[in-house]
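A.B. asks: Those protein sequences? They're chains F and H, same order as listed.
The numbering of the first sequence is our numbering, which starts it at 16 and goes up by one.
The numbering of the second sequence is our numbering, which starts it at 16 and goes up by one.
Heads up, some of the hints might be wrong.
Since the list gives no way to pick one copy over another, a pair counts as held whenever it fits inside one copy or between any two copies.
[Claimed, not checked] In silico BS3-like cross-links for lysine-lysine, where the CA-CA straight-line distance does not exceed 27 Å:
id, residue 1, residue 2
1, Lys319, Lys330
2, Lys378, Lys267
3, Lys377, Lys267
4, Lys267, Lys56
5, Lys267, Lys38
6, Lys267, Lys201
7, Lys378, Lys47
8, Lys47, Lys247
9, Lys38, Lys209
10, Lys267, Lys319
11, Lys319, Lys247
Please keep in mind that the hints were generated in silico from the structure rather than gathered at the bench.
Number of protein chains: 2
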Amino acid sequence: MRSVSVVGIGETRFGRFPETSLKELILEAGTKAIANAGLRKEYVEALFMSNFSGQPFSGQGHLGPLAAEVLGLGHIPTIRIEGACASGSLAFRQALSAVASGMYDVVLVGGVEKMTHQSTEAVTAGIAGASDIDLEAGIGATFPSIFAMIAQRYFHEYGNVRDAMAMCAVQNHENALLNPDAQMQKRITVEQVKNGFPIADPFTIFDCSLVSDGAAFVMLAATDVAESFCPKRLVEVVGCGQAGDSLTLASKGSMTTFAATVRAAHQAYSMAGLSPAQIDLAEVHDCFTITQIINTEDLGFFVKGQGARAVSEGKTAINGQIPINVSGGLKAKGHPIGATGLSQIYEIVTQLRGDGGPRQLKKADIGLTHNIGGTAATCVVNIFRGR
Amino acid sequence: MRSVSVVGIGETRFGRFPETSLKELILEAGTKAIANAGLRKEYVEALFMSNFSGQPFSGQGHLGPLAAEVLGLGHIPTIRIEGACASGSLAFRQALSAVASGMYDVVLVGGVEKMTHQSTEAVTAGIAGASDIDLEAGIGATFPSIFAMIAQRYFHEYGNVRDAMAMCAVQNHENALLNPDAQMQKRITVEQVKNGFPIADPFTIFDCSLVSDGAAFVMLAATDVAESFCPKRLVEVVGCGQAGDSLTLASKGSMTTFAATVRAAHQAYSMAGLSPAQIDLAEVHDCFTITQIINTEDLGFFVKGQGARAVSEGKTAINGQIPINVSGGLKAKGHPIGATGLSQIYEIVTQLRGDGGPRQLKKADIGLTHNIGGTAATCVVNIFRGR
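This is chain F alone, in the form it adopts within the complex (with noise of 0.2 Å):
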């Protein structure tokens, strides 16, 4: 299979907007991004789309061809692509892997969510069909709920990781701050996390992401192609991994470690013939702090039982030993959830091209981004290398 990189991104700022349209998310990231690999919409050969409530939320399915024509890519084959919270890298996997078989040179992944002009009890409802509706949404076991379990099963094995969790939400939102793409712009204390409103204990509103609107789009290309356009550094995708687990909570082997999480990032680790310590910066996905937590073991970082500790020791801060979600992550950049997991790697392609701004990291060569659905029912991690 042939080298792929990265050769263009694009998205709008995450956030309220419940007067814009699908349509108008879609043009604005979707246009950014061919416009940054400075190629002509014209050399676009595929778009895979990503979008989990488009049906439940704005009546509009087969987002395919309506983001086609909204951005004049003319009779080129579209297709939507949906796994929960995880769709946008799934969708950067297929066109990954039509672009590495030499079906195609370049293609367009995008993602689109609009999300924040329907009520709460709708979207929580909207969202729970990510879970499995007979057996945990249809009696009332909605995400907070699960993934509080799950914290509450994290503190009975490794004790009480409050404050860490915490830090975690101080964390993302003090990144959130160097980024104008994110939804919060907001500095968080500790105490305030503690204090906020109780959602579903130990979790109050601070521990939980956010309701979002946005798009953000990644233009891929074969590597010996885009060597001949692409005007900024080469991010190269040296690993890929996808694994899944059961939907329900109650089937999985462990409470506190996500199986899909670890078994993908042994496949992106081995095809990338890199080691958790070489990464020099991680987006991974924190719907909740816990989950942060728990994926940063999961993933290699840090001993299994110790992300907590590592948080509250800064390891994980913009100037730590490994910055986790520099962007603000899901909890202060946001979770438009189609969109979100082509939105981590938007950051790390920003990092990885020294284009961070105020937030840039001195030393990001090497970067992942890890995107779960469901309850880690599905996961994707990828790991992208600047050349």
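Position chain H against the provided structure of chain F, taking the given hints into account.
C.D. replies: Below, chain H without anything else, positioned relative to chain F:
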């Protein structure tokens, strides 16, 4: 890229099963396909699921891990793909690409839809999400009215083909009588079709495809691997094409030629090194009777404007020059959206293996499937050859 073959097929009966769950439909069809391949399920490396309406009609998204859990497939990577009524063929194409590229040796593709538990109004609104909801569905232009406009324009350009449209429905019902999985088991006449309950002039209820529950699965393997285990005649995928078009009817270059069909067919024929005259049978998307006629022209089986006469002359009947929709088609076998494209493949593989029973064709060595989404905004064409 490697040669890929179909090694297993399975489907449920199509019909009105409002008490049957998505999980039950998946379990039945998926289990049949795995057994049909003569392979233990442990060999399945990835699952590609197709579904259109799980979110709006059942509140259930994230069907990849749901299906993997139901079928006991463990931690394999899964995905859900949606491209309106072409979802099944899009999932097949992604699976084909993944095996052809060498990423996997054996994968399962499944499609499922559960529709009849919803009201007619809800189904109409849900399906309208495959059009542009701002510019079409939102102003009352649902699919029957859009395709009725296409029929009226066809009449204007090529003459009134009302009788031939009715004959399409009659032939597809005749074929369905020979297919135990078909929803319709009823002989009809041209007069019945023309005098049926009016839907959108010139369509009566008998010109429209069905609202159905059902599932269909297909197992794919690298041909060289498949030769070592498959007990049945191998059915090689020799051609695959995909193209798009504007989502809206108003933006299309022509109302009486589907540009996406023409382009996808051209790709598939080129890849296979075959011409339309070499195809022994085809499953052609017949969401409405006029759609079948236009598509058989755009696939190159008949000269533009002559598709209707071909039907009247019996050329598309089961004993004709190019039998179309021997299964009964969307019109009479049924149209459980996510399963449709895979059920088309089920029929071609059944015929190429000689397993068609009372509907078995005498010569069936090369077969074609054609599947569109929305107003032909997405199209996939596959060509299969028995080895």
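A.B. asks: Run every hint past the structure and note whether it holds.
C.D. replies: Hint by hint, here is what the structure shows:
1. Lys319 to Lys330: within (15 Å within a copy, 68 Å between copies)
2. Lys378 to Lys267: neither (38 Å within a copy, 50 Å between copies)
3. Lys377 to Lys267: neither (40 Å within a copy, 51 Å between copies)
4. Lys267 to Lys56: between (44 Å within a copy, 19 Å between copies)
5. Lys267 to Lys38: So Lys267 and Lys38 pass the 27 Å test across copies only (19 Å; inside, 39 Å).
6. Lys267 to Lys201: Classified as neither; 37 Å inside a copy, 47 Å across copies.
7. Lys378 to Lys47: within (26 Å within a copy, 53 Å between copies)
8. Lys47 to Lys247: within (14 Å within a copy, 51 Å between copies)
9. Lys38 to Lys209: neither (39 Å within a copy, 40 Å between copies)
10. Lys267 to Lys319: Only inside one copy: Lys267 and Lys319 sit 17 Å apart there, 57 Å across copies, limit 27 Å.
11. Lys319 to Lys247: neither (38 Å within a copy, 48 Å between copies)
The structure fails hints 2, 3, 6, 9 and 11 (numbered hints given earlier, in ascending order).
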